[in-house]
Amino acid sequence: MAVLTIRNLHVAVEGKEILKGVDLEVKGGEIHAIMGPNGTGKSTLASAIMGHPKYEVTEGSVTLDGQDVLEMEVDERARAGLFLAMQYPSEISGVTNADFLRAAINARLGEGNEISLMKFIRKLDEKMAFLEMNPDMAHRYLNEGFSGGEKKRNEILQLMMLEPKIAILDEIDSGLDIDALKIVAKGVNEMRSSEFGCLIITHYQRLLNYITPDYVHVMMQGRIVKSGGPELAQRLEAEGYDWIKKELGIEDETVGQEA
Amino acid sequence: MATETKIPFDETYIRTFSSGRGEPDWLTARRLEALELTERLPLPKPEKTKIDKWNFTEFARHTVDSAPYAALDDLPEAVKALIEAGEGTKNLYVQRNHTPAYVSLSDELKEKGVIFTDIFTAAREHGDLLKNYFMTAVKPDEHRLVALHAALLNGGVFVYVPKNVEIETPLQAVYIQDEDDIALFNHVIIVAEDNSRVVFVENYISASREGKAVVNVVAEVFAQANASVFFAAVDHLAKGTTTYVNRRGIAGRDGRIEWALGLMNDGNTVSENITRLVGDGSFGDTKTVAVSRGEQVQNFTTSVVHYGKHTEGYILKHGVVRDSATSIFNGIGKIEHGASKSNAEQESRVLMLSEKARGDANPILLIDEDDVMAGHAASVGRIDPIQLYYLMSRGIPRRDAERLIIHGFLAPVVEAIPLEGVKNQLIEVIERKVQS
Ligand SMILES: Nc1ncnc2c1ncn2[C@@H]1O[C@H](COP(=O)(O)OP(=O)(O)OP(=O)(O)O)[C@@H](O)[C@H]1O
Ligand SMILES: [Mg+2]
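Those protein sequences? They're chains G and F, same order as listed. Note that UniProt numbering numbers the first sequence so that position 162 is 162, with each residue one more than the last. Note that UniProt numbering numbers the second sequence so that position 10 is 10, with each residue one more than the last.
Keep in mind the hints are simulated off the structure, nothing from the lab. All values reported here derive from a predicted model rather than from experimental measurement. Watch out, some of these pointers could steer you wrong.
What the hints assert, rightly or not - Residues on chain F that point at chain G, a partial pick, calculated with CB under 10 Å: (1) Ala-70; (2) His-318; (3) Ile-396.
As the list claims (entries may be wrong) - Reference excerpt, derived from the structure (chain G facing chain F, CB under 7 Å, subset only): (4) Ile-92; (5) Arg-108; (6) Gly-249.
Said to hold, decoys possible - What the simulated footprint calls covered on chain G by chain F, stretch by stretch (three residues with Cβ under 8 Å from a Cβ of chain F suffice, anywhere in the stretch; the number is not a length): (7) 50-58; (8) 76-85.
Glycine is no exception: its CB is placed at the ideal position from the N, C-alpha and C atoms.
If we strip away everything but chain F, and leave its shape as in the complex, we get (with noise of 0.2 Å):
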């Protein structure tokens, strides 16, 4: 049963499993701090959505073995279509399932000192500075999905970009689901140090429309002083995948996270992403474009709270619903006491496409200082009969005009997407999800 609060994995497969990885004595040992974390903690409780009948602990095989991709031209089809020939394949990482079955870095950015590598090569290899920023911007115990990542992690990727190195183009990374019945508990990190650069972008991806399966995925992204993080992703697992992800960012003074986000699943998602002003100056920006079709339900929370002064934060959600699903969007900005001079801003956007859709914008100012600047424009509403009219009146069809809105309110995440090829899967899961 979906609500069994034990998970089907116990102490001596997590010790056998991690002493499988090789993985250093710190890392099982947080796993099993983890473990006995996920039998006392509760649920979270996304705003406005009951997930206590979810199934975010039920799979049939927490880890199962693929085989990797020998060369780039061994990649599916789905892949390829993501990846720029030439310079960008330099910087990729595919993962098939819970396998790092491709890893590609430039020799130029070894040489800089730039880590990007699968979280268990990671572990072996750099395990003490891995150690500094696992699970530590988000912590095991805030409950029980996150303690069941941390116990379970099974994935992922590192990326460690050194002070003053600045990465023109994209790292990128592909996570490809060709299994049922399995779980991935997928745990990202980017640290960029001081005065470093760097733009992440990343696709999960199933390979047939109904798999079945658990996806568990924390990210943590670190912005020290006057470093800029972009992270850009796009999200379009299957109809059958529970999801909960949880992206999270802690900027520097002077730091930068930009996000750009295409949350796109077919399944029923709970989706975090909180980014923390942390040091004087520094700038979050987020930008969340979703669909929800059939009966899925998702939940979305936006967060940017300020602790530094002249901080500025920005959100942006626009989200797409149709059929019977139901879309939540939860948009927070917090100015914490003492973050003087600081700048909140969201805009959150729901666009209903039938009368069954359920969606709702809520956003939220919570600000505990004067001194500070904060707006937030709300709605839920049909697409605009008047703009219809008027591209009509250009001869546009009806549908192709409704398709053209619907694209453009959803160009923000769309056009910041810095990589050709998942910019256009992007546009073309949007068409799929919003015509078929």
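For reference, chain G alone in the conformation it holds in the complex (with noise of 0.2 Å):
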């Protein structure tokens, strides 16, 4: 079972500290969810983890059953079994959705154990429809004049295509209308097993109503100020933040303030 283990983790962005000690554990079986206002450091977090050139951890360990994952470059994270489903995807032109996926698949399988083009394709088949994904989103370029919404369903294809222990989710219902959400919901939903951890970084308890999570955070000021069960996230949507920082005397959440 995968274990994803971060400790007292510090970055920094040019120069400026964002996380100020995160401790964090994800393991197999177990889905997460980080809620938390605009700008409190839930992005910096995923792109830390993945290896997000502008991020500089300056502090702290993230280790993937046991592995330094800060010690990997980007392409070995995922191939250690990392999985970060971005808040804004990259545009690749001339690059087919197919293509890529296929290149990925086979990053991950090594040389001489690549997948047949025909399982390739059964499987991209079966996950696009599971998606209720228009099949000409295959041989588009990726990402490439896709809606907000199509994006991000991408991201989820891409997720289901790839299959990782560990995957970070950020953002990945905002901009979607209410039957796209139910389709993300229902491929995350599906990949749910002993052998896969999520953390959901969201601001709506719209989507924890269809993916139940198991352990609810908060984050403020570059930390994980508070941690709970799904009641934590139902609270937090009736009532706000500010019951959190009178209780933990926080007056400005964002990163650059002190507690």
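Dock the two chains into a complex; use the hints.
So this is what it looks like as structure tokens:
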């Protein structure tokens, strides 16, 4: 069973410290949700785990099944079993979705073990049908001209094709209409197993109605300031963040501030 | 010396050469007029590239006789890879150095009056027709290199598509260089009469990657009223070859000319591609991709000139530059006075793969008419680190991710190549130029 362990993680962007000591453990079979106001470091956490070139880890550790993730290149992290559905996926002109996915799958399988074209197409057709995607999307250039919602769905398609051990979904629900939200949730639920752990970053309880989390964490000022069960998300939805701020004596929740 | 103005082949040589090929008198006369011009005219001045030290005139042999290929099976592997088995090979011209080495045209097209033959046969058998077009879109008095071309013409192909004839399968030409120290003055003419349609695909290849040679190409394309010409080319001449290539098109009323050019030479190259939209409602689309590597210097000028009303012109240029190579991309959209309701668009992008590479994109719009639309986008930069991160975050190693991005960047021409064999060769050439 996979375990992603984050210990005392400090991260800086352009010399400015954003994360100030995050501790979190995500195990296979678990779904964690991270909520928190804008600008509190949620995407920074996701990016630092995946190895985004702009984010510098200044302290702390991230391990996957005991292996030091921070020592790995971005592609090695992915092949070790990490996946990040990005808040703003890139557009790559001239590279079709299908060619890209096949390259990604083959990179995991390694030379000599490549997936056969037939098998790949079957799997792609199946997952696209599951996500109710137009088959043409396979032959369009990667995310180019995709609508916001189509990009999100395409991230989930990649998740289902690549079958990582631990996935981080950064605002996978933003910009989705209610039907698309249900489909994306269906995709994530389909992945649920004791072999799959997931960290969902979201602003809305709405998504968590469809994907029930085991744990909910609240991020403020670059730290996880509160953790609980699904009921925590419900209370946030109903009451907002003020009660937490009051409870913890936080005036300004953004990262520049200290408690 | 490369800067020598005198060319090593004189009037006597040209007279003998011309009569040896059984050329009509008008052609001999044009050669000699052009020869005179070579002494007076200056070299062209491609924007931002100095070419006065380049070797356009020094070569040991003007023309060599090479053995033709008796059958398709005898073609070199490099050529075989380009041609499709079956239908496609019915309309094929292979030129080995200067020798028309394999020529074939389907009976069906012959019956319709289509001409597809080497330039010397065309001069002998269709002289009056050829005369109307030869060196009319590109005139010998423009500069020394085209004058030299007209004087020393020693290869090429003539395509003539009569009125109302629409050709479904592409006509294919392959020019292979397998001798060193020669010069190729290759001339391509495509005439598409009213309401006709033709797709032409050509490849320039060198048998060895080092081969020394001078290549001077002029292609003239005429799309007459409501005719459509699609012209695809992949140039992949060797490192030791200096190339001047001038591809020019003239579109009549509602005529269409589309270019898909994969400019993959390994030697110094000046490429000029001009489309003149003369007729009202005519359309020009030119897509160019190029890769420069090593020490090579390349200059690519693409221009669409609007004369007719309601004309549309599109220029797309994507270039990759690595090592210490230099690539200059000049794009010129020109709308002449009177060409109202016309649209000139261009996009020019250069991707730099190394510190020492030099790349330049110069988009220019020259507009002499009020009632028009025009736009351009240009950029010179490196591979986007965020795109790279995105691909790598799916497990794709850095080098493969870079390759994907580069191939994607060059896809506009690759995807437009209408023959599978030629498309695959272009992909392989890109792969080799980018990787090694
Ligand atoms: N690349 C960057 N350059 C400069 N500042 C950055 C960068 N990335 C993040 N930051 C800053 O770090 C802080 C945290 O940003 P982050 O994107 O992690 O927030 P978030 O919690 O994901 O917010 P949201 O809910 O709005 O997505 C913000 O103040 C942001 O401006
Ligand atoms: Mg965010």
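Hints and how they fare:
| no. | hint | result |
| --- | --- | --- |
| 1 | Ala-70 | violated, 38 Å |
| 2 | His-318 | holds, 9 Å |
| 3 | Ile-396 | holds, 5 Å |
| 4 | Ile-92 | holds, 6 Å |
| 5 | Arg-108 | holds, 5 Å |
| 6 | Gly-249 | violated, 38 Å |
| 7 | 50-58 | holds (count 4) |
| 8 | 76-85 | holds (count 5) |
Of the numbered hints stated above, those contradicted by the structure are hints 1, 6, listed in ascending order.
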